[in-house]
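Participant: Sequence:
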Amino acid sequence: MMLNSLMKTSRGFWDVQRFFRRIRRAAGFLKSREGARRLWKYSFLVSALRLLGRLSEVEEACSRILFSKRKAVPHLKGPASRDGISIVVPNYNGMRYFDTVIPSFFAALRGFEQSEVLVVDDVSSDGSVEYLREKYPAVRLIALDKNVGFGRACNVGITNARHRAVYLLNSDIILEQDGIGPMLESLEKEDTFAVTPKLYLWDFVTFHSGINAAKMNSECFPVWNEANYVNTPVVEETSPTFYAIGAAMFVDKEKFLQLGGFDPIYVPYCWEDIDICYRAWKRGWRVLYEPTSIAYHKSHGTLADVTKPTAKLAIECKNSLLFMLKNIHDKRLLGFHLEYVARCARAGLDNGTFEYYDACKMVLRQLSSVLRGRMRERRYARVQDAAIFALTYDAYSAALRRKGIEVAGP
1 MMLNSLMKTS RGFWDVQRFF RRIRRAAGFL KSREGARRLW KYSFLVSALR
51 LLGRLSEVEE ACSRILFSKR KAVPHLKGPA SRDGISIVVP NYNGMRYFDT
101 VIPSFFAALR GFEQSEVLVV DDVSSDGSVE YLREKYPAVR LIALDKNVGF
151 GRACNVGITN ARHRAVYLLN SDIILEQDGI GPMLESLEKE DTFAVTPKLY
201 LWDFVTFHSG INAAKMNSEC FPVWNEANYV NTPVVEETSP TFYAIGAAMF
251 VDKEKFLQLG GFDPIYVPYC WEDIDICYRA WKRGWRVLYE PTSIAYHKSH
301 GTLADVTKPT AKLAIECKNS LLFMLKNIHD KRLLGFHLEY VARCARAGLD
351 NGTFEYYDAC KMVLRQLSSV LRGRMRERRY ARVQDAAIFA LTYDAYSAAL
401 RRKGIEVAGP
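Note that UniProt numbering has the sequence shown beginning at 1, numbered continuously upward.
Hints are computed from structural coordinates only; laboratory data are not their basis.
Here are the simulated lysine to aspartate or glutamate pairs, EDC-like style, with alpha carbons at most 16 Å apart:
| no. | residue 1 | residue 2 |
| --- | --- | --- |
| 1 | K253 | E116 |
| 2 | K403 | E237 |
| 3 | K189 | D83 |
| 4 | K135 | D99 |
Here are the computed distance ranges between Cβ atoms for each label pair:
| no. | residue 1 | residue 2 | range |
| --- | --- | --- | --- |
| 5 | T232 | D178 | 16 to 26 Å |
| 6 | N160 | G111 | 16 to 26 Å |
| 7 | R110 | N351 | 49 to 59 Å |
| 8 | D394 | R133 | 42 to 52 Å |
| 9 | A386 | A143 | 41 to 51 Å |
| 10 | E236 | E406 | 17 to 27 Å |
| 11 | S368 | G111 | 41 to 51 Å |
| 12 | D330 | E130 | 45 to 55 Å |
| 13 | D394 | E134 | 49 to 59 Å |
| 14 | E236 | G260 | 26 to 36 Å |
| 15 | E185 | A138 | 18 to 28 Å |
All C-beta atoms in this analysis are idealised placements derived from N, C-alpha and C, irrespective of residue type, glycine included.
Given only the sequences and the hints, what does the whole structure look like? Please build it.
Facilitator: Structure follows, in structure tokens:
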């Protein structure tokens with residue numbers, strides 16, 4: 001007993017010594033202008049993130065009072081059908097890909113009556129509009145007057161599509177001739193919102209995108225793709241997926257419009273596809289991965305031309321935080337993510353990188369829009385966050401176990 005007491009006293013003494021040493025180091029650091037600046041930035045950031053957490057609690061209480069009865073999801077008249085397919089392509093300076101991708105679009109539409117290819121040009125400067133009008137008169141073209149970004153261009157295209165079954169594609173996607181049929185079979189089911197294919201790169205060999213999964217944990221909010229952890233596809237059957245990739249998303253137009261389309265808070269790009277699919281899951285609709293449908297993606301073929309890597313990281317951080325604040329109603333998970341962002345921002349300030357800090361500043365500028373969206377989506381939510389995460393993660397892990405592969409992921 002005495003020995004234990006002495007050991008505890010000794011540990012306590014050294015803990016106090018370490019504490020005072022840290023205080024002395026911090027005092028010396030804060031005498032510098034750089035130290036004071038970093039402390040101010042971090043204090044501001046932590047206060048802002050704590051405020052966001054408190055606001056979510058207030059919003060939840062208000063929702064219980066104001067919207068005690070959940071709003072019913074409007075009933076749609078049947079599922080999407082085979083009457084016609086609309087391929088919708090948002091384009092920004094993608095002219096160099098047209099001669100490769102557009103013939104594959106028309107080849108994939110053979111056998112589907114009254115189908116169309118619709119290109120929405122987002123004020124390209126490479127002559128895309130003139131080239132389409134001259135060489136591809138069969139392509140329906142909408143030329144926007146001003147640049148609106150990926151999400152809004154997609155919304156314009158899907159709103160103007162003539163058919164309910166819409167295949168949303170990037171301008172650097174090549175389709176296989178028989179790839180639409182299997183996805184349409186899934187989309188024809190009444191509870192299906194979207195279907196996404198298996199993607200390879202343009203070398204036609206490298207596996208690029210398969211099933212998407214996500215996991216709730218106490219560190220952060222990881223979302224990953226099958227191709228991040230295996231070199232060859234593992235999932236071989238139609239399966240639930242966390243989201244359909246925006247580069248190749250086969251979607252029910254009526255459900256897409258009922259969800260309000262891609263949310264403009266994610267301008268200029270990134271996370272709008274995850275957002276709309278998650279909102280569909282919350283309303284009780286399904287998002288599916290169809291591995292027998294194959295397409296080929298250049299991957300950031302046009303995005304790499306317009307965005308610096310550091311700016312891209314800040315945008316991705318900002319939009320992931322917007323997604324959490326808007327859509328995650330599980331207070332525990334939301335709190336974990338806010339703490340994770342604060343730690344990353346602090347590490348960045350110490351290392352002289354400011355992407356997370358800049359992301360948080362951008363989020364605060366959009367806070368009113370995010371909270372309005374959060375209250376709106378809560379009214380329609382039918383499925384708990386944990387259930388969505390479990391459903392999509394279990395589909396991924398079960399496929400790996402059937403192959404005798406250890407479950408890979410964050």
